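Trainee: Sequence:
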Amino acid sequence: MYYLSFLFHLYQPPTQLGFVVDRITEECYRPLTDLFTSSLAPRFTVNINYSLTELLLQRSHHDVLENLKSALNSGNLEFVDSGAYHPIFPLIPESEVIRQLKINLEGNRAVFGDKYKPRGIFPPEMCYSSRIAKIVKKIGYDWIITDDLPYAYYDSEIHFDHIAEAEGCGVFLRSNKWSNDISFHQWKGSEFIDKMEEEMAVTAGERDAYIIIAMDAETFGHHHKYYHEKFIHSLMHAVRGKTNIKLATISEIFEKFKMKKAFVPPSTWSASMQDLYSDDPYPLWQSKFNPIHHNQWQLTHHVLRAVIRSGDEKSRLLMDKALYSCQNWWASLNNFDPSQIYRGAYLLLDTLETASASLGDTETLRLGRELYNNLVYSVFARINKA
1147 MYYLSFLFHL
1157 YQPPTQLGFV
1167 VDRITEECYR
1177 PLTDLFTSSL
1187 APRFTVNINY
1197 SLTELLLQRS
1207 HHDVLENLKS
1217 ALNSGNLEFV
1227 DSGAYHPIFP
1237 LIPESEVIRQ
1247 LKINLEGNRA
1257 VFGDKYKPRG
1267 IFPPEMCYSS
1277 RIAKIVKKIG
1287 YDWIITDDLP
1297 YAYYDSEIHF
1307 DHIAEAEGCG
1317 VFLRSNKWSN
1327 DISFHQWKGS
1337 EFIDKMEEEM
1347 AVTAGERDAY
1357 IIIAMDAETF
1367 GHHHKYYHEK
1377 FIHSLMHAVR
1387 GKTNIKLATI
1397 SEIFEKFKMK
1407 KAFVPPSTWS
1417 ASMQDLYSDD
1427 PYPLWQSKFN
1437 PIHHNQWQLT
1447 HHVLRAVIRS
1457 GDEKSRLLMD
1467 KALYSCQNWW
1477 ASLNNFDPSQ
1487 IYRGAYLLLD
1497 TLETASASLG
1507 DTETLRLGRE
1517 LYNNLVYSVF
1527 ARINKA
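Anchor point for the sequence shown: position 107 equals 1253 in the numbering used here, and the numbering is continuous, going up by one each time.
Just so you know, the hints here were simulated from the structure itself, not pulled from any lab data. Since no wrong hints were added, every one of them can be taken at face value.
Straight-line Cα separation of at most 20 Å, PhoX-like style, residue types lysine-lysine; simulated pairs:
{"hint": "1", "residue 1": "1341", "residue 2": "1323"}
{"hint": "2", "residue 1": "1392", "residue 2": "1341"}
{"hint": "3", "residue 1": "1280", "residue 2": "1407"}
{"hint": "4", "residue 1": "1371", "residue 2": "1334"}
{"hint": "5", "residue 1": "1248", "residue 2": "1261"}
{"hint": "6", "residue 1": "1280", "residue 2": "1404"}
{"hint": "7", "residue 1": "1248", "residue 2": "1460"}
{"hint": "8", "residue 1": "1392", "residue 2": "1404"}
{"hint": "9", "residue 1": "1334", "residue 2": "1392"}
{"hint": "10", "residue 1": "1283", "residue 2": "1404"}
{"hint": "11", "residue 1": "1248", "residue 2": "1280"}
{"hint": "12", "residue 1": "1248", "residue 2": "1283"}
{"hint": "13", "residue 1": "1283", "residue 2": "1406"}
Per label pair, the in silico range of CB-to-CB distance:
{"hint": "14", "residue 1": "1348", "residue 2": "1519", "range": "51 to 61 Å"}
{"hint": "15", "residue 1": "1331", "residue 2": "1407", "range": "28 to 38 Å"}
{"hint": "16", "residue 1": "1276", "residue 2": "1506", "range": "38 to 48 Å"}
All of these numbers come straight from a predicted model, not from anything done at the bench. The beta-carbon is built from N, C-alpha and C at its ideal position, and this holds for glycine as well.
All chains should be modelled from the sequences, with the hints used to inform the complete structure.
Mentor: Now the structure itself:
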């Protein structure tokens, strides 16, 4: 039997504008989650970061959340956990990784009910390291997922008949080729199922095998209009007519296939072969070639130290959100948007001001403002260089 697993990643940053959330909900989240409750009985894996859950509650999109809860209760979905406000796990301390996972678990369980019991972790942007696999296993999860391109860089063969194991944790490898092919070339779902059946017959023959497809949920309806109907609805119909390929959640695959120890390199679903060759595993969030990233993280770590030292609850809650990854993504070499960089920097500075007031420490605030100015200067330098 061939098992095909889809993971849909739903996320908006905590700083997202309300009207943007409304538009994406109308174009994507509402019609997509309607499909999740379909009588066609889909079997999908879903990640929704708590930052989006909060925004949907604030914007009164309760029907979307009810769709997800209904699909979970009917067995159509499994949820995975992630960082509540989408920080890049390998770039933050272990205590912050655990805190973000705890906020995500408790917040989403309050909305989706007691059946919200994730067994796996979707690390934001699939940014993976063995340190994160070790943390994930230690706090009780079974598996984590990352991309197969970095794995292929070190080991040319991608295995479809077992699961990689690192630090005692299952590590699923998302198919970079097929996930990106769906994202950038608008397939009809029925044609994609036929293609998968053909490809897996060549790869696996008579053996049981699986393939993991994972992508941003916003691909369906927001990035590509009506793609949820053309691809997902069509796929759910087509797979019912197949006898040797079926949809499965990732945790179902975890139960069916054995683990084998393997080296899974640090990286992300956005790294290229050139990034790996350059030993730059997280290029969109902390590139060693990017001075803006350097200054962002100098400020971030300074603010985090102040927040931890203060013990102040208000600054602590601000810090949770201030770790969100989009500010770094918009500072990357090919995705430059100063307004988005400043939005993250303002949140960090606001967090620092709150923590410093609690501490009564003007020197920490002064140093933070210096680091903030360094960040602004590096943004200006990029603008002037363009």
